Amino acid sequence: MTRLRIALCILAVWAMFTATQQSPAADARSELQARFKERLPELDKLRRAGTIGETWDGWVEKVKADLTEAQQKLVDAENADRRELYRMLAEAEKTTPEVVAQRNAQRNYRNGLKGDWFKMKDGQWRQKEQ
Amino acid sequence: MDNHSSHASGLLKLGAAAVLTLGVGSCRSQHDVNVNVAPIFMTLDVNIRVDRQLDEFFAFENQYRQTQSAPPAGGGDVQVQ
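Quick mapping for you: the protein sequence lines, in order, are chains A and B.
Heads up: the first sequence begins at 1 in the working numbering, then just goes up one per residue.
Heads up: the second sequence begins at 1 in the working numbering, then just goes up one per residue.
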């Protein structure tokens, strides 16, 4: 009876431990999400200012004027994390990173505000009108 | 004379039958239409699943933007083609 209690206690402790642990993939996803979240306010400011825009194939780019060093770093970090996200989701959904990237471009356009800049497939930048 | 006439008439009938047979045979047409539907559904399915994943992952964007004053402008899909 005592052995059974000990076994049950060990099982309960193990269950609690495993329940609080995340898989490495989930960890990587959470860290990635946290980085996107952290950059969002600054990127949104640059979007509203027309400094950066979204491309048809899922990346963020400068629109006209050159970026400052800090802004360029921010854009590079965003695109590097997007690359990782597109790869991760493509692997999970058995598709290509390019497909995920283009779906994200569509999502960004839908969620974009009036006046935000979008680079079309022909290479032209256009402002969202409504 | 009659024999000759009936022979010609027989040949005529035979010829007409041959023309009719060939005519009907040549009018027969076959249309093979291969419609491959499965990949279209598969593509849609992948797009829907990817969209769902992206919406889930970037849910924090909506929460953040709701705290800002301006609402999204809306609008349809961007024309990428």
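Please note that a few of the clues may not be correct.
Claimed, not checked - Ranges of calculated distance between the beta carbons of each label pair, as one might list FRET restraints:
1) B/Leu44 x A/Gln72: 19 to 25 Å
2) A/Arg110 x B/Phe41: 40 to 46 Å
3) A/Glu129 x B/Gln30: 49 to 55 Å
4) B/Leu44 x A/Gly50: 42 to 48 Å
5) A/Gly50 x B/Ile40: 45 to 51 Å
6) B/Asn36 x A/Asn79: 35 to 41 Å
7) B/Leu44 x A/Asp27: 29 to 35 Å
8) A/Ile10 x B/Ile48: 27 to 33 Å
Unchecked claim - One-sided excerpt, in silico: chain B residues whose CB lies under 8 Å from chain A:
9) Lys13
10) Asp32
11) Phe41
12) Leu44
13) Asn47
14) Val50
15) Gln53
16) Leu54
17) Phe57
18) Glu61
19) Tyr64
None of these hints come from the bench; they were simulated from the model.
No experiment lies behind these values; they were computed from the predicted model shown.
Positions of the beta carbon are idealized from the N, C-alpha and C atoms, including for glycine.
Go through the hint on B/Asp32 and say holds or violated, using the shortest Cβ distance to chain A against 8 Å.
violated (31 Å)
How does the Cβ-Cβ distance of B/Leu44 and A/Gln72 compare with 19 to 25 Å: does it lie in that range?
violated (38 Å)
Once the shortest beta carbon distance from B/Leu54 to chain A is found, is it less than 8 Å?
Where the cut-off is 8 Å and the nearest Cβ of chain A is about 5 Å from B/Leu54, the hint holds.
Please check whether A/Glu129 and B/Gln30 have a Cβ separation lying inside 49 to 55 Å.
holds (52 Å)
Does the hinted range 27 to 33 Å hold for A/Ile10 and B/Ile48 at CB?
At 44 Å between Cβs, range violated.
Do A/Arg110 and B/Phe41 keep their Cβ atoms within the hinted range of 40 to 46 Å?
23 Å Cβ-Cβ, so the 40 to 46 Å window is violated.
Looking only at beta-carbon atoms, does the pair B/Leu44, A/Asp27 fall within the given range of 29 to 35 Å?
holds (32 Å)
Interface restraint verdict for B/Tyr64 against chain A (beta-carbon cut-off 8 Å):
holds (6 Å)
Range hint 42 to 48 Å: satisfied by the CB atoms of B/Leu44 and A/Gly50?
violated (35 Å)
Let me know if the C-beta of B/Leu44 comes in closer than 8 Å to any C-beta of chain A, holds or violated.
violated (12 Å)
Hint check for B/Ile40 and A/Gly50 - Cβ pair distance inside 45 to 51 Å
violated (38 Å)
Within 35 to 41 Å: is that where the Cβ-Cβ distance between B/Asn36 and A/Asn79 falls?
Check passed, 36 Å falls within 35 to 41 Å.
The structure shown violates the earlier hints numbered 1, 2, 4, 5, 8, 9, 10, 11 and 12.
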